[in-house]
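**Student:** Residue numbers (my numbering), protein chains in the order written: chain U, 1 to 360; chain C, 1001 to 1360; chain V, 2001 to 2360; chain H, 3001 to 3360.
Certain hints may be false.
What the hints assert, rightly or not - Below, computed lysine to any residue pairings styled on SDA-like, alpha-carbon distance capped at 25 Å: (1) 2274(V) - 3325(H); (2) 2312(V) - 3270(H); (3) 1040(C) - 1199(C); (4) 1075(C) - 3202(H); (5) 2274(V) - 2172(V); (6) 1042(C) - 1031(C); (7) 2175(V) - 2323(V); (8) 3175(H) - 3162(H); (9) 2274(V) - 2151(V); (10) 1274(C) - 224(U); (11) 9(U) - 21(U); (12) 1175(C) - 1150(C); (13) 3075(H) - 224(U); (14) 281(U) - 1147(C); (15) 3281(H) - 3266(H); (16) 2175(V) - 2046(V); (17) 9(U) - 2274(V); (18) 3086(H) - 1062(C); (19) 2009(V) - 1358(C); (20) 3040(H) - 1021(C); (21) 86(U) - 64(U); (22) 3042(H) - 3032(H); (23) 1040(C) - 3319(H); (24) 3274(H) - 2323(V); (25) 203(U) - 1274(C).
What the hints assert, rightly or not - From chain U, some residues computed to sit far from chain V (all C-beta separations above 10 Å): (26) 20; (27) 69; (28) 118.
Unchecked claim - Label pairs and their calculated CB-CB ranges: (29) 2312(V) - 3258(H): 46 to 52 Å; (30) 1074(C) - 3171(H): 46 to 52 Å; (31) 2149(V) - 3312(H): 34 to 40 Å; (32) 2074(V) - 1074(C): 48 to 54 Å; (33) 2203(V) - 3312(H): 43 to 49 Å.
These are calculated hints, taken from the structure and not from any lab test.
Backbone N, C-alpha and C define an ideal beta-carbon position, used for all residues, glycine too.
Number of protein chains: 4
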Amino acid sequence: MSSILANNKIRLSVFGESHGAAIGCVIDGFPAGIELDFDKIKRDMQRRAPGRDKTATPRKEADEPIILSGVLNGKTTGAPIAVEIKNTNTKSGDYENISLVPRPSHSDYPAFVKYGGSNDVRGGGHFSGRLTAPIVFAGALAKQALESHGVKIAAHIRQIGSVCDERFDYNNINKELLERLETESFGTISAEAEAKMRAEIEKARLDGDSVGGIVECAAIGVSGGFGGNMFNTVEGRLSYALFGIPAVKGVEFGAGFGLAERRGSEANDEYELKDGEVAFKSNNNGGVLGGITSGAPIVFSVAIKPTPSISKPQASVNLETNENATLVINGRHDPCIVPRAVPVVEAAAAITLLDILLDN
Amino acid sequence: MSSILANNKIRLSVFGESHGAAIGCVIDGFPAGIELDFDKIKRDMQRRAPGRDKTATPRKEADEPIILSGVLNGKTTGAPIAVEIKNTNTKSGDYENISLVPRPSHSDYPAFVKYGGSNDVRGGGHFSGRLTAPIVFAGALAKQALESHGVKIAAHIRQIGSVCDERFDYNNINKELLERLETESFGTISAEAEAKMRAEIEKARLDGDSVGGIVECAAIGVSGGFGGNMFNTVEGRLSYALFGIPAVKGVEFGAGFGLAERRGSEANDEYELKDGEVAFKSNNNGGVLGGITSGAPIVFSVAIKPTPSISKPQASVNLETNENATLVINGRHDPCIVPRAVPVVEAAAAITLLDILLDN
Amino acid sequence: MSSILANNKIRLSVFGESHGAAIGCVIDGFPAGIELDFDKIKRDMQRRAPGRDKTATPRKEADEPIILSGVLNGKTTGAPIAVEIKNTNTKSGDYENISLVPRPSHSDYPAFVKYGGSNDVRGGGHFSGRLTAPIVFAGALAKQALESHGVKIAAHIRQIGSVCDERFDYNNINKELLERLETESFGTISAEAEAKMRAEIEKARLDGDSVGGIVECAAIGVSGGFGGNMFNTVEGRLSYALFGIPAVKGVEFGAGFGLAERRGSEANDEYELKDGEVAFKSNNNGGVLGGITSGAPIVFSVAIKPTPSISKPQASVNLETNENATLVINGRHDPCIVPRAVPVVEAAAAITLLDILLDN
Amino acid sequence: MSSILANNKIRLSVFGESHGAAIGCVIDGFPAGIELDFDKIKRDMQRRAPGRDKTATPRKEADEPIILSGVLNGKTTGAPIAVEIKNTNTKSGDYENISLVPRPSHSDYPAFVKYGGSNDVRGGGHFSGRLTAPIVFAGALAKQALESHGVKIAAHIRQIGSVCDERFDYNNINKELLERLETESFGTISAEAEAKMRAEIEKARLDGDSVGGIVECAAIGVSGGFGGNMFNTVEGRLSYALFGIPAVKGVEFGAGFGLAERRGSEANDEYELKDGEVAFKSNNNGGVLGGITSGAPIVFSVAIKPTPSISKPQASVNLETNENATLVINGRHDPCIVPRAVPVVEAAAAITLLDILLDN
């Protein structure tokens, strides 16, 4: 497995299994001298953590990050930052019948093919969504480093099932909105959207089912000229990290797939002078042109599939007996993973953006 | 700039400017002993080349690849394969007023910010779509190496403007379809779709405008267990390469963004035994689970924005005088870049997939 | 700082400071299914640990590795292996005056320039030789994976001060010798050499001084054809890792610098058939030709400078007052670091060699 | 094969075979806006080229670099710089019997094992020393970029056979000496050393033999704080590139292997104030401490083995018939490759140092 995000400057090495002793990460190459705000780190960890309300699994996880290195008197030292999060509330029993009967749309089967059964399957093992906790920790640090460069990043739930939130106003995203969103555990632009989305999730939960969605993320304050063309694009680098989040199946920048239906005259982002500065009249490209930041806000969306773990019986195969089997998953599941994915999307983006900024 | 696709095994280094002496690439790490079919290379180069019909710019380019190294008696030697394509039909005059008045939705402005005017802007310079020719060359070689592993890859035009082709039958893609598609210069599954798409493009052309679209690509014959989780996912690696193609603004795997609206019970790909082998009852995940190939066909789609170069006058800014300006682009443009993008998508995917296969 | 050894398959991320909470590492990409022998891991950790006898600092370190992930029921799972070693016996007081008066030939001064004083300087911080403990842990695992491929690796002390041990018989290194060496805490081929070397170290210790040396390392069982030419050479990759060990100032393969004085007719390794197999009549190239393993034993030597920390007063500069200063280092030092460096050299080589083998 | 030097910023991809159409390279990531001095490029190419006098093979090579991209009006554009050098004077006949009877101490045999005979063996193919020509080209560009940062780099022949030149005065290397050395085709500090070395080479030539040597290289003007500890050391990165030069078998920094015999009190580089600045009283560490530049000149030496191609008959094996064989190499050889290696050492160091500087 490769759980290293090998950026140019910042390299993130994630470790741990859902039911092992601990999970965590090492952040190598993080800038020295950044004063850390531990409350903000904790807040992001809690936005990701399960057990807050009915939209997520009732499983509780303490998710207390213990910093082992790289921080002295609350400031980063430039040395690798290692963090450990102990695993506590683990019920392996729930997962026992899973190892030989792969859960549909989980990694169980391809992991079995790849590792021949050597891998730890308890609770998804190293493939578990729980491994996003160290990513959120690293992202919280990256956000603080980004703020020292004047960059603010936050995401909202664009869609759950058939319910859509308002979209960001791509060419005009104000800081206050992002500051609100980064504190919310169910972040939407419109309050009505939240209520309808919660209802959609509750319906799925009552049906023993799950539902998917889309997260839209924005970063403001990144000036033009960062990134590179062809094989060093801002889009390529962000999507590489974003597809590392379990359940992500699509990434689009700006108007993305919607551009397929447009004419050039409707899609092009024209220029104009604003207070003597070059500005954009629209931002359908989501702040990236030719792989390089344009100076407009960076905006992208991430498609998230419905949680594969559902209570309904599903067709599968027993890999030992090579017979068809019906699988019933008993454990505790999220009827919708999208709200908890929001801070993970922000984190993966923040780590990558910080690297892109430091790399220039 | 970074025009190196630094895979683990195969590294592609692309060079050249639209109006320089030559463009080309070096393919490092390509396997030794592959017998090359030069007709197939030429065919892919021609599928990408402009000037074939009214859907593309009438500009003619010879696009004759001259192999400088790495091939002896028609077989690869294992040494780096260098290829050169001379630039011939270049009219720099057409582009003269562009350098100081950036074309909307092109890389002109961010490249100006990044390089402070040192970069070669003639014809887009190193950012030109012409630089996809060496990628197609490398892809043609990768396809041949993939075929020796039983893997076939091809793409079709899924959508142009409001016209949609049929979609691949994700769980049941036959080789004959892919073999037909890889020979076509305007590849669609349904013949009617082609006719309607051509009409859509012609309408845009007559309006001095352009239109976007979506390319859908499939690879069959990849068995399960390739790739890796978290930061070595098949999705992340493919999208990284795909976003290196100019005008790509979105990538989705399997049902992609459509999964947002689904329930888990509708989205999950259940298992069943087929002739004693583990098989899938559907393939909404597009052949990748937990970042690892599942054994089902790999299917993904790529959103392509409308060609930014249109004849209509556009608002821009003169970067020298710092005044608002109206830009009229005279040169020769593609009213729709999507048909020519098809072999480029196949190429970027083939190079990456070959690397993923060799890496295991 | 970059404390990641970013090999192609196995990536080692080391973290920790001498006086922080813990040191450790994450080993990403380690093969699944390797049964670990914890006694051998412990043995290598102890060979590196200080406090064994008068050749090393009397400082005691428990150096108990706690595995956090990647190992289940004594076998590797393929997931990242994280290990933590708590820091216990740390006396920060000894180092207090050091931070502003850099110790000659230590990293203090360039680290101060680089990090502007943000870095943790207690006990050398992240630059401390103590950080080699996780490398030895990773090396012990790599050795076990190498043994499953029939490869055995071990090193001896070739020289300390003016005392030289016998050299390996490059073309004929038997496994028994390597098996003996890997168990020794003061490994020499000749027993007399050990006695004389110990005397040399004791003399330096009594003088409040230190002494340098050379470690020679061999790997047998690596067949021909691994590695690559130019920028993927076995020599380049091994030396890259070896220079990561503090105090290493030179690396040579086979006869190395001695080849400067030779004629080609004396240096060339001729071929002969031996039991029907291609064999070498000598091995002055140390098992690598054109960057690729030749099939002969891999042999290289590593120059290690005298421990910079000595009791004698030294000239330095106070970085705060910008005045000349005399430095007396009180802490506990190794009069000779060479014996403790032996398992670290083996470890860095084992990790790199395993990666080279897996990469083919 | 991997002929890519994948630095962090500058990536060098070398291609070509000794007897193919052309050799060359692509330099990706080179800074924009550097005005190139083509006479200096030519001068370095000629220092490396054969056929100048009796110390080298009489084979003449034009070695005219043709720039294909990345340079406009004599200035770098920031886009990849591709260069091509046509092969002209190639006599394949000389090498015909070599392919099946490997030349001792050449890469023939391991390359045969690795590529199973698919590789181009004519004239060494991609392993040929001729492939150092594009490296020298890239190095000449890197030197010019380094000069714009105030860094000067040059090397001399430290030793050939038993004849030694003076060594650099590590702590006090003046620019004039380096400026003289970079123009010489047989660079020594002492004029007498040159005469004696030439005699040593002539003796080897008359014997149908060859002789090895050592090149010592220095870089002045690099301030402290560049590079990194552990796995990003200046030593590790330079040695990685230097071992990419054919025939290099050892690399040492500062006093290197000589430090083995020293006491700490003799080896440590003490500090003193000089004109109010922190300065060193000696530079046995060769300008690198803890993997980071110290601000003192960077000095290192490179051991070069005798040219393996000699006229004397040598024992080898016929790989087809599996019989012992006697090999007589008829072609044109260098009795000593060391003088021609000097600009290659400078080049590999310059490319790497530039990357280290840009990376901070």
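**Student:** Now tell me, hint by hint, if it's right for this structure.
**Tutor:** Results of checking the hints against the structure:
A hinted pair counts as satisfied when its Cα atoms are at most 25 Å apart, and residue 2274(V) with residue 3325(H) qualifies at roughly 13 Å. With a CA separation close to 12 Å, the supplied pair residue 2312(V) and residue 3270(H) stays within the 25 Å bound. The suggested pairing of residue 1040(C) with residue 1199(C) is violated, with an alpha-carbon distance near 29 Å, which exceeds 25 Å. Using a Cα cut-off of 25 Å, the hinted pair residue 1075(C) and residue 3202(H) is violated, with the two alpha carbons roughly 42 Å apart.
At most 25 Å may separate the alpha-carbon atoms for a hinted pair to count; residue 2274(V) and residue 2172(V) meet this at roughly 13 Å. Among the hinted pairs, residue 1042(C) with residue 1031(C) is consistent with the structure: their alpha-carbon atoms are about 20 Å apart, no more than 25 Å. Taken as a hint, the residue 2175(V) and residue 2323(V) pair is broken in the structure, with Cα atoms around 56 Å apart against an allowance of 25 Å. At most 25 Å may separate the alpha-carbon atoms for a hinted pair to count; residue 3175(H) and residue 3162(H) exceed this at roughly 28 Å.
For the hint linking residue 2274(V) to residue 2151(V), the alpha-carbon distance of about 21 Å falls within 25 Å, and the restraint holds. Distance check on the hinted pair: residue 1274(C) and residue 224(U) sit about 54 Å apart at the alpha-carbon level, beyond 25 Å; violated. About 29 Å separates the Cα atoms of residue 9(U) and residue 21(U), which puts this hinted pair outside 25 Å; it is violated. This hinted pair checks out: residue 1175(C) and residue 1150(C) have alpha carbons roughly 11 Å apart, not beyond 25 Å.
Restraint check: the Cα-Cα separation between residue 3075(H) and residue 224(U) comes to about 23 Å, which is no more than 25 Å; the hinted pair holds. A C-alpha spacing of about 47 Å is found between residue 281(U) and residue 1147(C), which places the hinted pair above 25 Å, so the restraint is violated. A threshold of 25 Å between alpha carbons decides the hint, and for residue 3281(H) with residue 3266(H) the separation of about 12 Å falls inside it, so the pair holds. Restraint check for residue 2175(V) and residue 2046(V): the C-alpha separation of about 22 Å stays at or below 25 Å, so the hint holds.
Between the alpha carbons of residue 9(U) and residue 2274(V) the distance comes to roughly 50 Å, so the proposed pair goes past 25 Å and is violated. A threshold of 25 Å between alpha carbons decides the hint, and for residue 3086(H) with residue 1062(C) the separation of about 22 Å falls inside it, so the pair holds. With a C-alpha separation of about 12 Å, the suggested pair residue 2009(V) and residue 1358(C) falls inside the 25 Å cut-off, and the hint holds. Restraint check for residue 3040(H) and residue 1021(C): satisfied, since their Cα atoms lie roughly 23 Å apart, inside the 25 Å limit.
For the suggested pair residue 86(U) and residue 64(U), the alpha carbons sit about 7 Å apart, so the restraint of at most 25 Å is met. Between residue 3042(H) and residue 3032(H) the alpha-carbon distance is near 21 Å, which keeps this suggested pair within the 25 Å criterion. Straight-line distance between C-alpha atoms of residue 1040(C) and residue 3319(H) comes to about 36 Å, which puts the hinted pair past the 25 Å bound. For the suggested pair residue 3274(H) and residue 2323(V), the alpha carbons sit about 10 Å apart, so the restraint of at most 25 Å is met.
A hinted pair counts as satisfied when its Cα atoms are at most 25 Å apart, and residue 203(U) with residue 1274(C) does not qualify at roughly 35 Å. In this structure residue 20(U) is not separated from chain V by more than 10 Å, as the shortest Cβ-Cβ distance comes to only about 5 Å. At roughly 5 Å, the least C-beta separation between residue 69(U) and chain V is not larger than 10 Å, which violates its mark as non-interface. Against chain V, the non-interface label of residue 118(U) is violated: not every CB pair exceeds 10 Å, the least being about 4 Å.
Checked against the given bound of 46 to 52 Å, the beta carbons of residue 2312(V) and residue 3258(H), roughly 20 Å apart, lie outside it. Against the hinted window of 46 to 52 Å, the Cβ-Cβ separation of residue 1074(C) and residue 3171(H) comes to about 58 Å, which falls outside the hint. Remark: the range hint 34 to 40 Å for residue 2149(V) to residue 3312(H) is upheld by a beta-carbon distance near 38 Å. Look at residue 2074(V) against residue 1074(C): about 52 Å separates their beta carbons, and that is inside 48 to 54 Å.
For residue 2203(V) and residue 3312(H), the Cβ-Cβ distance of about 47 Å falls inside the hinted range of 43 to 49 Å, so the restraint holds.
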